[in-house]
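Residues per chain are reported as follows:
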Amino acid sequence: MRNETILVKEARGILTVTFNRPKSKNSINGAFLRELNDALDLSLRNSECRMVVLEGQNGVFSTGMDFNDRASGNYDEKLDRLSLVRYMEMLKRFREIPRIVISIVDGQVIAGGVGLVAASDLVIATPRARFGLSEALWGMLPGMLLPFLIRRVGFQKAYSMTLTTMPVSAVEAHSFNLVDEVTETPDQTILQLTQRLIRLEESTIENIKQFFLKLWPITGEFEEMAVAESFRLMNDPKVRENIDNFVRYKKFPWNK
Amino acid sequence: MRNETILVKEARGILTVTFNRPKSKNSINGAFLRELNDALDLSLRNSECRMVVLEGQNGVFSTGMDFNDRASGNYDEKLDRLSLVRYMEMLKRFREIPRIVISIVDGQVIAGGVGLVAASDLVIATPRARFGLSEALWGMLPGMLLPFLIRRVGFQKAYSMTLTTMPVSAVEAHSFNLVDEVTETPDQTILQLTQRLIRLEESTIENIKQFFLKLWPITGEFEEMAVAESFRLMNDPKVRENIDNFVRYKKFPWNK
Amino acid sequence: MRNETILVKEARGILTVTFNRPKSKNSINGAFLRELNDALDLSLRNSECRMVVLEGQNGVFSTGMDFNDRASGNYDEKLDRLSLVRYMEMLKRFREIPRIVISIVDGQVIAGGVGLVAASDLVIATPRARFGLSEALWGMLPGMLLPFLIRRVGFQKAYSMTLTTMPVSAVEAHSFNLVDEVTETPDQTILQLTQRLIRLEESTIENIKQFFLKLWPITGEFEEMAVAESFRLMNDPKVRENIDNFVRYKKFPWNK
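Residue numbers (our numbering), protein chains in the order written: chain A, 48 to 303; chain B, 48 to 303; chain C, 48 to 303.
Rather than coming from a laboratory, the hints here were simulated on the basis of the structure. Note that beta-carbon positions come from the ideal geometry of N, C-alpha and C, so glycine has one too. A portion of the hints provided could be inaccurate.
To be verified - Here are the computed lysine-lysine pairs in the DSS-like style, where the Cα-Cα straight-line distance is at most 25 Å:
| hint | chain 1 | residue 1 | chain 2 | residue 2 |
| --- | --- | --- | --- | --- |
| 1 | A | K139 | B | K261 |
| 2 | A | K261 | B | K261 |
| 3 | B | K297 | B | K285 |
| 4 | C | K261 | A | K261 |
| 5 | B | K70 | B | K261 |
What the hints assert, rightly or not - Which bits of chain A does chain C cover? Going by a derived footprint, with three or more residues having C-beta under 8 Å, they are:
| hint | region |
| --- | --- |
| 6 | 137 to 147 |
| 7 | 184 to 193 |
Stated by the list, open to error - Listed next, with one range per pair, are the computed distances between beta-carbon atoms:
| hint | chain 1 | residue 1 | chain 2 | residue 2 | range |
| --- | --- | --- | --- | --- | --- |
| 8 | C | E57 | B | F299 | 21 to 31 Å |
| 9 | B | D88 | C | P264 | 52 to 62 Å |
| 10 | A | R279 | B | Q104 | 42 to 52 Å |
| 11 | B | L129 | C | Q257 | 41 to 51 Å |
| 12 | B | Q239 | C | N282 | 57 to 67 Å |
| 13 | A | R279 | B | N93 | 22 to 32 Å |
Modelling step: build the complete structure from the supplied sequences, incorporating the hints.
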């Protein structure tokens with residue numbers, strides 16, 4: 048498998064996916080979602096695999112949706128709606144796949160990138176991690192990821208992160224369960240977890256994940272609503288202008 | 048606007064409401080709810096306004112429903128049911144209004160006052176803040192505010208505060224998200240927030256609030272049940288006696 | 048009342064139940080559930096009683112379902128399904144009974160024992176307490192207790208405890224509300240609580256508990272599903288083998 052946007056390696060029951068779009072700060076585009084999906088497929092082909100580890104590079108985990116695909120020149124309405132649906136499906140797949148999905152966050156994670164983290168089964172962060180929902184500054188909202196974030200951190204912290212757009216440190220994120228462990232040495236934490244998790248049958252992981260889905264369902268009705276609202280806002284003229292100004296002139300909406 | 052129960056000022060995108068019933072420790076009566084409602088209307092008339100800040104005075108944020116209105120001499124059953132409905136509607140309005148509602152708690156907040164805090168979008172407290180649900184001591188329960196409190200702090204802390212009636216310090220309240228920040232200088236926190244929040248469009252605040260309402264709905268069915276149960280308990284002969292003894296003789300139910 | 052599995056005493060409005068199956072580390076069997084149920088009945092006969100305190104002995108609170116009853120020689124399918132239902136009904140009864148149910152955890156609590164803790168109204172732990180959901184290691188899952196655990200600690204911590212099977216210390220458990228207070232002197236905490244809780248009418252406790260049941264219902268549909276899934280897994284040939292190997296040879300599933 049030859050990938051453009053991620054690096055994949057497999058060893059001792061762990062499939063590791065390293066996000067690899069340094070020029071666009073690991074933002075999420077169609078190719079990224081497709082290749083990450085293929086990597087999850089690959090993990091299923093090895094019945095010894097128990098964990099899928101996601102990590103960034105160079106102090107960036109992920110910076111959310113790629114604005115270049117949304118700038119006027121490149122924009123394709125049909126493709127865009129599809130990419131929203133695919134993003135939502137990726138988050139759902141993390142919850143369902145009979146592998147334990149672990150994000151290691153060392154540095155920055157923004158907007159849609161926070162969704163990949165929130166939908167992960169476990170999150171390990173270094174003290175350098177910072178989590179921010181910047182959508183509101185652009186006139187949007189982090190619709191599709193919110194049920195996954197609320198599931199992790201409860202209503203209030205998801206709400207205050209969305210409304211204030213203020214970034215949150217690793218220690219704060221740990222205090223309200225966005226992060227399960229803060230450590231300078233994520234690899235050692237993974238090693239400890241491995242010793243425990245290789246004892247689990249694949250079918251047990253599947254049974255547990257299916258059971259929790261029943262305890263905390265995310266309905267198809269919600270998904271449609273979230274995609275529709277995200278699509279509506281993304282096509283708001285003001286939001287389009289904000290994105291265009293950023294892609295063309297690196298100008299932020301609040302610098303008027 | 049000439050107010051009896053609150054002081055209102057407006058500057059730099061912030062409408063500040065200072066509760067001003069020192070004699071009755073900022074307890075909540077009909078005039079207070081009416082005037083607070085008017086203040087929210089006022090904030091809507093200024094399209095530059097982004098935040099509504101609520102604060103107490105002299106070490107008291109609010110001590111909940113005014114018992115004087117409930118003592119036998121003054122009691123009007125119809126008015127009383129109406130004031131329960133209006134209190135519930137105030138909490139709901141905080142969630143819906145396209146302004147960011149922030150409570151600054153410096154000192155005591157009890158019973159229904161905790162509802163104003165819990166329904167706020169953001170809560171800033173000084174180390175002097177103390178939060179208590181005293182209703183059970185009088186034979187009542189904090190029915191209408193509980194969904195707002197659970198939304199903020201989860202089931203267990205709302206439950207233990209209700210059952211034990213034990214007051215909670217600012218630091219404890221922060222540890223379980225009843226408070227978003229503890230600081231000696233709430234004005235500086237407001238200033239920092241302002242720099243961020245003035246970047247948001249009014250419509251973005253509205254979109255976010257509407258979206259979160261869908262994620263965590265409070266049903267009309269619940270509201271009716273909560274009002275009915277509060278009304279039922281308030282008219283329980285034992286509870287009426289407790290309130291009368293307090294209003295007439297400053298006697299607490301547990302001093303027999 | 049002559050008990051085999053628990054010790055019961057009553058004084059000053061508190062009924063104390065001490066788990067007393069030292070040989071099987073306070074594991075839960077049919078007699079235990081029956082006698083605990085009788086103890087709850089007893090607390091209702093004393094209208095002065097406000098609190099039911101549950102505690103272990105010798106550094107063990109409870110180690111969950113008794114595997115001896117599930118080993119092939121002793122196994123009775125019908126009895127087993129019944130004991131699952133009775134366990135679920137016990138957890139539900141904690142939520143409904145007009146007494147404040149308090150667990151004091153001094154030492155180990157595992158699997159189904161965590162359910163007794165999670166369903167308690169209040170949980171006091173010493174620094175020696177350790178909480179673990181070991182079910183997944185055996186190929187099972189902690190189905191029936193999860194709604195009670197989620198109610199206390201939110202989705203994510205219930206999920207990570209279930210998936211990772213890693214035990215959690217008292218301090219950690221307190222940080223995410225599985226424990227309400229960590230103290231070296233639980234008796235003093237009980238004394239403080241008593242001073243507060245004897246002020247509550249029995250009817251007030253009942254009203255509060257009924258109200259919270261409406262705010263956070265656990266449906267009959269869920270109960271049936273949880274019992275069915277637990278029963279299905281317990282009769283999985285692999286799980287039966289794991290249990291048999293443990294009961295006969297003290298061999299754990301992960302020592303192959």
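Violated constraints from the hint list, given by number and in increasing order: Hints 5, 6, 7, 9, 11 not satisfied by this model.
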